[in-house]
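*Asks:* Chain residues, written in single-letter form:
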Amino acid sequence: MDGELVTDPLSARSNERGGGDKGRQPLLRYKKIIEDAFPFYLSIGMTPEMYWDGDATLSKFYRKAYELKRERKNEEMWLQGLYIYEALLDSAPVLNAFCKTHKPLPYRSEPIPLTEDEVIEMREKEEERKLKENKEKFKELVKELNKKFERKEDIEDGD
Amino acid sequence: MAKTIKLVYNDKEYTLEFTRRTVAQMEDEGFRVRTIDETPMTAIPQLFAGAFKAHHRFEKKQVIDDIYAGIPNKEDLLGKLAEMYNEPILTLMEEPEEGDAKNVEWTASW
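Read top to bottom, the protein sequences are chains P and Z. Going by my numbering, the first sequence opens with residue 16, and the numbers climb by one from there. Going by my numbering, the second sequence opens with residue 96, and the numbers climb by one from there.
With the rest of the complex left out, here is chain Z (with noise of 0.2 angstroms):
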């Protein structure tokens, strides 16, 4: 299953997800994920925005703002969005959980 964030604000539940569709489309509105860094202020609310367009893509952008602003835990929100931004591109490469346990390879030091 892909990652999910669930929200509920003012009765209303809320599915936050990105598929490739969204992804593709934040990018042709402009949204680039390494500007995280280089413009925090714009892109996160951008980036939490662009999470609604796989399931809500009619809400309107002040209930986003205001859902944005009433969050708590800011910080982990962003690390939680941007794995579910990088979703989409990570399960085209990488291989199905049950065989990533056979390649583990590990030594210790002492």
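Looking at chain P on its own, in the form it has when it is part of the complex (with noise of 0.2 angstroms):
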């Protein structure tokens, strides 16, 4: 007590009777926020320019558009996942020792639709294919019977 300053640093006084600076918060550095989150930021895609001097709403939505990216990429994944999984059950008869044809199916002619246009136009896609071979079925079976008649037409006329 004896020795001391008034200019002796006020943490140093109070640290010596015990208090120190353990009752009080630590000052919040806003810097250290900005410092510590901009690797985040520039690991998805914004600029130094960007994340330091431009407008700071943007960040918010690099972020939003980050997540939409991970969510596309997630489901790409998927679908990724979905066509491995249908090559497999196409290919199994051949990796099968009890099947009998040991002929895989064939792969998908077609990517798998996604938005509801693409289902809408591979369902009249399928619809217009059936319509084509029952057409072609129908006009093979009046072939057939046009032969039959005429057959028995020669017959009926060579009697």
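Careful: at least some of the hints might be erroneous.
[Claimed, not checked] Which stretches of chain P does chain Z cover? Using the computed rule of at least three CB atoms under 8 angstroms from a CB of chain Z, they are: (1) 45–51; (2) 62–70.
[As the list claims (entries may be wrong)] Just a few of them, taken from the derived set where beta-carbon distance is under 8 angstroms, the chain Z residues facing chain P: (3) R115; (4) R116; (5) V118; (6) A144; (7) E189.
Please keep in mind that the hints were generated in silico from the structure rather than gathered at the bench. Think of the CB as a built atom: it goes at the ideal place given N, C-alpha and C, for glycine as much as any other residue.
Make the complex out of the two chains shown on their own, each in a separate frame, by following the hints.
*Replies:* Printed below as a string of structure tokens:
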């Protein structure tokens, strides 16, 4: 106490008395928060100029865009898994020793439709294909019938 | 868009805004947001001057002091400046506004 000067740092004096800075809350430094978050925003595509000098609200939208990108990537990976799963099932007959044919099913001819428009388009194509197929079958049937009639007429004429 | 204050002084238009760089610069110069309560007479003009750094960094201190002296409703201005100062930090944490409304839950006590 005798040698204490008023110019001594406040914390040093209070520490000697056993008080110290324990009860004091540390000063919240915005700079530290900003610097800590900086690498993350760099990693999601923000430039240093945008982060430090640009519109502060941009960071919110970069974060939202990052979430959307992650969601999209997750969906893509899920879809890829679906293709692989389907391909494995299609090729299963080759791998199955007890299968009679041992012939793999053909891999899907078109990608899995994702949007509603694609689903509708695919359905229309399928219907068109079936209609065409039925038409061909009907034509064949008519041809067969005509041939039968012609043969019958020839026999009758021969009589 | 970031929060800004626009003002005209001597036919010159000023845009006051805080960026992350200017917030960090102000802290380097010794400004602490909590000192507004403790020493408002020095901290508020300091905060006001700091808002010029983003777009008018070479403006003379005397001009900024004159502008501050002539500003009416200083209490309202302080609120707006504080909101602006916090924005570069808050935008690192909060979600875009469109998502906020969906999470609102409230109950009445009667």
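*Asks:* Each hint should be assessed against the structure and marked as holding or not.
*Replies:* Against the structure, the hints come out as follows:
Figure legend: the region 45–51 of chain P, annotated as covered by chain Z; annotation consistent (5 residues with Cβ-Cβ distances under 8 angstroms, at least 3 required). Only when three residues or more bring their CB closer than 8 angstroms to a CB of chain Z does the claim for the region 62–70 of chain P stand; here the count is 5, and the claim holds. For the restraint placing Z:R115 at the interface with chain P, the shortest Cβ-Cβ distance is roughly 5 angstroms, inside the 8 angstroms limit, so the hint holds. Contact between Z:R116 and chain P, as hinted, is supported at the beta carbon level, the nearest pair being about 4 angstroms apart and thus within 8 angstroms.
With 8 angstroms as the threshold, the beta carbon of Z:V118 comes within range of chain P, its nearest partner Cβ sitting at about 5 angstroms, so the hint holds. Annotation: Z:A144 was flagged as interfacial toward chain P, and the flag is violated, the nearest CB pair being 17 angstroms apart, outside 8 angstroms. A cut of 8 angstroms between beta carbons decides the hint on Z:E189: the least distance to chain P is about 7 angstroms, and the hint holds.
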